[in-house]
Every structure is written in C-alpha cells, then in structure tokens.
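A.B. asks: Starting from the known structure of chain B, fit chain S with the ligand onto it as the hints suggest.
Below, each chain spelled out in residue letters.
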Amino acid sequence: MDLSDNEMIICRCEEVTYGELKNTAETYNCSARELKLRTRAGMGYCGGRTCRSMVDSIAHSSTERDVTQVTLKYQPPIRPVSFGSLGEITK
Amino acid sequence: MNRVIVIGAGPAGLSAAITIAESGYEVLILDEYMLAGGRLLGQLYEEENGKWWNGIKESKNLHDKAIALGIEIRLGTPVSNIEKTDGSWVIYTDEETYYTHHLLLATGAAEVPLPIPGWTLPGVMSVGAAQVMTNVHRVKPGNRGVIIGVNVLSSAIAMELKLADIDVACITLPKKNQVNKESGNPMDVMNSLLHVSHMAPSAFVKFGSKLMKNEFMKKMGITFFPKSGVKMWDIPIMLRKAVINIYGENTVEGVTIATINASGEVIEGTEENISADFVCIAGGLYPLAELAAVAGCPFYYIEELGGYVPLHNERMETVLDGLYVAGNITGVEGAKVAISQGVTAGLAIANNLSGGKQEVEIKEAIKRIEHTRDNAFIQFHPAVKEGKQKLQQYWEEYGQQAKVEVTI
Ligand SMILES: Cc1cc2nc3c(=O)[nH]c(=O)nc-3n(C[C@H](O)[C@H](O)[C@H](O)COP(=O)(O)OP(=O)(O)OC[C@H]3O[C@@H](n4cnc5c(N)ncnc54)[C@H](O)[C@@H]3O)c2cc1C
Chain B
1 MDLSDNEMII CRCEEVTYGE LKNTAETYNC SARELKLRTR AGMGYCGGRT
51 CRSMVDSIAH SSTERDVTQV TLKYQPPIRP VSFGSLGEIT K
Chain S
92 MNRVIVIGAG PAGLSAAITI AESGYEVLIL DEYMLAGGRL LGQLYEEENG
142 KWWNGIKESK NLHDKAIALG IEIRLGTPVS NIEKTDGSWV IYTDEETYYT
192 HHLLLATGAA EVPLPIPGWT LPGVMSVGAA QVMTNVHRVK PGNRGVIIGV
242 NVLSSAIAME LKLADIDVAC ITLPKKNQVN KESGNPMDVM NSLLHVSHMA
292 PSAFVKFGSK LMKNEFMKKM GITFFPKSGV KMWDIPIMLR KAVINIYGEN
342 TVEGVTIATI NASGEVIEGT EENISADFVC IAGGLYPLAE LAAVAGCPFY
392 YIEELGGYVP LHNERMETVL DGLYVAGNIT GVEGAKVAIS QGVTAGLAIA
442 NNLSGGKQEV EIKEAIKRIE HTRDNAFIQF HPAVKEGKQK LQQYWEEYGQ
492 QAKVEVTI
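Residue numbers (my numbering), protein chains in the order written: chain B, 1 to 91; chain S, 92 to 499.
Bound-form chain B, shown alone:
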C-alpha cells in the first residue's frame, strides 16, 4: 500500500483518511459502528451521506456483516437543517 492510498480522504467533513480507517479496523477488529466512533468518520455535518458505504466496507473487511440490521444507524435529521429553522418560533 503506497503513501497516496493511506493519505486519501474518505470522510470529507471530519477529514478522516483511508489509512486511519484501515489501521483502526485492523487494530481493533471493530464493527462499522465502532470504527465510526473511534475515527469520527461519518460524524460530520453531512451525517455520513458520502462516506457511509466506504466506512462500512472497510469495517467489513475484518468483521462479519449482520444482514438483519443496518450497520451504521441513521439518525434524524437525515438532511442538514439550519439552526435558524430548528430554533425558529412559529409566528
């Protein structure tokens, strides 16, 4: 694995690299959820909309997939919502 692969960004919001994810997955043999929590990949403002499937694939290189449960949980809001409209008092 050459340098450029390891430096490649997977989660753009939190700037987590491929190398970081791969090493964490190998060191801890972790589930997708644990990999996310350890690295913060998928925890930025987009809510993992781009990197979710990649984080999932990297975790499943070392662990078995649970076919009866979504491995990386979806949490509301599933689209970015501005603080303005979240906190707005309806007229």
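Some hints could be false.
Claimed, not checked - Quick list of simulated restraints, FRET-style, between CB atoms:
no., chain 1, residue 1, chain 2, residue 2, range
1, S, S366, B, G87, 46 to 52 Å
2, B, N6, S, P213, 39 to 45 Å
3, S, G447, B, S82, 24 to 30 Å
4, S, K156, B, E7, 27 to 33 Å
5, B, V81, S, Q483, 14 to 20 Å
6, S, N364, B, N6, 33 to 39 Å
7, B, S82, S, G446, 39 to 45 Å
8, B, T63, S, N145, 43 to 49 Å
9, S, P213, B, Q75, 38 to 44 Å
10, B, Q75, S, N364, 19 to 25 Å
11, S, Y338, B, R12, 17 to 23 Å
12, B, S82, S, E488, 38 to 44 Å
Stated by the list, open to error - When the alpha-carbon atoms are kept at most 30 Å apart in a straight line, the in silico DSSO-like pairs for lysine-lysine are as follows:
no., chain 1, residue 1, chain 2, residue 2
13, S, K267, B, K73
14, B, K73, S, K481
15, S, K253, B, K73
16, B, K73, S, K148
17, B, K73, S, K494
18, S, K272, B, K73
Simulated from the structure, these hints should not be mistaken for lab results. This structure is a prediction, so every number in the text was calculated from the model and none was measured. Heads up, the beta-carbon is just placed ideally off N, CA and C, and yes, glycines get one too.
C.D. replies: Same frame as chain B, but now just chain S with the ligand:
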C-alpha cells in the same frame, strides 16, 4: 388527515400519487429536488425495439397527469425526519410539519463512491452527476472525461455523454483497495457485465457470450482481454487497466492508469497518463432508505437488491401501520419497474382507505411488476428476482415470529 402523503416525485412516487388520485383520494407529494421526475429525468437510451426512452418526456407526462388530477407537488422540500405519534405519521421539513395516516416513501436510490487517490479534486464527480448535468441541465461536465467503474450504469451514461458530443477517453476499473474490492477485480466485473451484453453492440457481445460458457473461459477471457480495451460506441472499455491516481494542480488534469493482472493487482512499471478535464466515479447504486430506517422499519441486507432494504410485502406495505414503500427504495431496478411498484403501492393505499375495494386490481398490479421485471431493458443485478424471493421469505418469517409473540 385523510390526505395521503408521498415522499419522492420520481417515477414510483408520481405513479403512486396518480393511482391514489384516480381512486378519488387527495394526495400531496414532497420532493427535495427542484424538478419532478427523480432519476428518470436523466435517462436517455434506445431500447431493443428501436424506440427511444427519453426520461425528460416520460417525467413530463407523469407530472402533467398528476397536476391534471389535482395532486399538489411541493418541490425543494427535503424531509429530514418522520415519526409516528398518536396514531399518525408526522413529516418534518424545514418550513412545515405535515400529518397523515398513509405515508409512502419513494425516495429512490443513491450512488456508491469509489475512493481513489485524488478523488477529492474539483472535476471529479459521480457518474450520475455527469448524467444530470448533461441530460437535465444541458451543461457539459467537461470536454474529455474518464469513467472509473465498469457497470450497466456507467456504460449507459458513457453513451449519453457521447450523444452530447462529449469525449469519453475510456471506461476503466478503479485500483483495488478495501472499498473497491469487487469493482476493482476484473473477474467480478466480467461476471456482472455478461448480463448486459445486449446493451453493448458488436465486439463486446460476441466476446461476452463466448465467455459465458464456463469459469475457465472467463478466466482466459480476462487473461487475454486486450490491454487497449474492447470498444463500445467507440469508447474503449478496459478491464485490464485501473486508475491508480487522479492528478491535477487545482482541478482534474488527468488520470494515471496501470495494467492489472486477472485478480486486479497492479503490474509495476506499466503506468501511463491519460489527460482529461473531468472524471466520473461509477460505484453502483444502493436503495436510499434513510427515512424507513429512522421510522423503525426492520431491514435486511440483500446484495441482489443493492444493499439494505426495508422489509415489505408484495403490496408494498411495511410492517409499520400506514407506512408504504415503492421504487428503488425496495431494490435497485429500472424506471419501468419503479412505475409498476408505484401503481401497486397506490392501489394498496386506496384499498386500505376504501375498506378493501381494490383487491382484484392489486393482484393484477403485483403480476404486472413481475412482468415488467422479466422484460426490463436495464437490469442492475442479474439475480434481482432471487433477491425479491429472499425478501418475501424474510417477510413470511417475520410474520411467523410476530404471531408467536402475540400468542405468548
Ligand atoms: C444516478 C442514477 C442514474 C440512474 N440511471 C438510470 C438509467 O439510466 N436507467 C434506469 O432505468 N434507471 C436508472 N437509475 C435507477 C433509477 O433509480 C430508477 O430508474 C428510477 O428513477 C427509480 O425511481 P424512484 O421513483 O424509485 O426514485 P427516484 O427516481 O430516485 O426518485 C426519488 C425522489 O425522491 C426524492 N427524495 C429522496 N429523499 C428525499 C427526502 N429525504 N426528502 C425529499 N425528497 C427526497 C429525490 O429528490 C427524488 O426526486 C438511476 C439511478 C441513479 C441514482
């Protein structure tokens, strides 16, 4: 509250809404995009019978029909959450909160990314983005592109780019890594391509059908696959090359490709540069089921359907009361299948509202989905039927379990 709400104005959502309105019920459609039609908008190709499937036209027909029936469509309205409170579904958007007893999720599919060094440079986009720019917005994504990822979608879109007079230098594989395991493996790609040979004229078809015969032949086929690729619509498809890097100072200037062996390992010293001003990444599609997940639907991972799908029956009902699904959220397939699923979901909703007046029509509609699937021009997974059977089995098992729980 008697108004039905549909999330997603793609072919599935629009057809469902039309069916519900035709049965005499009020419908509201919410969609985050600025146009109605969903992923149908970007589609453009010639079918086997020589007829053109023009997504913009098909979308307009569905949209006009919906408007004529008095269906309200609110565009530019992303739904950020749904939940069930006091027996009704609550739908949250930026501006307003909506309530209904019957909610249909028709949110379609999304694209899988393939990470490659340099993939965060401006000028790199998903192949679907290039399709929407070209066919919907009529803006060229660039003058000369490279498509990474060889599959049904990328070959269909390559042809569309070609029609728009955009040069496609080649379609090739991504370098293998832990994410691009299958899409970077020539054998796996070859296997998945063989069933789309009807979309590839001349050379590839002949090549493909001969290879179909057995594993040994496939292996030989990959081993002797011409390094310069096999041409389809004059675009070289290269199964023995992979992009190892996307380069450029501030924006894409080109890609470095290298020869790979039959299992996808890069052969040192074979690197060469191809200049390009845009790069498309084609990693395939998965059902976009976020809202079904936050609602609490049980899910199953079914590879043939593109990933995790919410559990539902043939009538497109989920296990949650008043929550329905239709279209690509139930598995990745072509637009015609999505339309027939939308009609079925629409009938199921109307039937539940009318106290069971549409039973016969529902049965017919279910059969029509099968028929449409059997005759589909575009198929994203060769074993989609088996995938649907697996889901049906999960549904039955789930029903058994629920019964046991009730008796206890
Ligand atoms: C990039 C791409 C290219 C494709 N190309 C082809 C092709 O060439 N040929 C083919 O047959 N099939 C193609 N498909 C498959 C395509 O998904 C189906 O053909 C068909 O469009 C599916 O219809 P649908 O109604 O299920 O979903 P879609 O057509 O995807 O419509 C879903 C709609 O839901 C909306 N939506 C999603 N989430 C939310 C939310 N939270 N809030 C509000 N609105 C939401 C979206 O804006 C969208 O308009 C493609 C899919 C993709 C993703």
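A.B. asks: Should the hint that P213/S and Q75/B are 38 to 44 Å apart at their CB atoms be regarded as holding?
C.D. replies: violated, 30 Å
A.B. asks: For the hint 46 to 52 Å, verify it against the beta carbon of S366/S and that of G87/B.
C.D. replies: holds, 50 Å
A.B. asks: Taking 38 to 44 Å as the stated bounds, is the beta-carbon spacing between S82/B and E488/S within them?
C.D. replies: holds, 43 Å
A.B. asks: Holds or violated: K73/B and K494/S, Cα atoms, limit 30 Å.
C.D. replies: Holds - the C-alpha atoms of K494/S and K73/B are around 27 Å apart, at most 30 Å.
A.B. asks: Is it true that the CA of K73/B sits at most 30 Å from the CA of K481/S?
C.D. replies: holds, 23 Å
A.B. asks: Taking 17 to 23 Å as the stated bounds, is the beta-carbon spacing between Y338/S and R12/B within them?
C.D. replies: Taking Cβ atoms as reference, Y338/S and R12/B lie about 19 Å apart, which means the hint holds.
A.B. asks: Quick one, are K73/B and K148/S close enough, alpha carbons at most 30 Å?
C.D. replies: violated, 38 Å
A.B. asks: Mind checking the alpha carbons of K253/S and K73/B for me, to see if they're no more than 30 Å apart?
C.D. replies: This hinted pair is violated, its Cα atoms lying about 40 Å apart.
A.B. asks: Confirm or reject the claim that G447/S and S82/B have a C-beta distance inside 24 to 30 Å.
C.D. replies: violated, 44 Å
A.B. asks: Could you say whether the range 43 to 49 Å given as a hint is met by the Cβ separation of T63/B and N145/S?
C.D. replies: holds, 45 Å
A.B. asks: Quick check: does the Cβ-Cβ distance between K156/S and E7/B fall within 27 to 33 Å?
C.D. replies: Given about 52 Å between the Cβ atoms, the range is violated.
A.B. asks: Between N364/S and N6/B, does the C-beta distance stay in 33 to 39 Å?
C.D. replies: violated, 22 Å
Hint compliance for this structure: hints 2, 3, 4, 5, 6, 9, 10, 15 and 16 are broken, all remaining hints hold.
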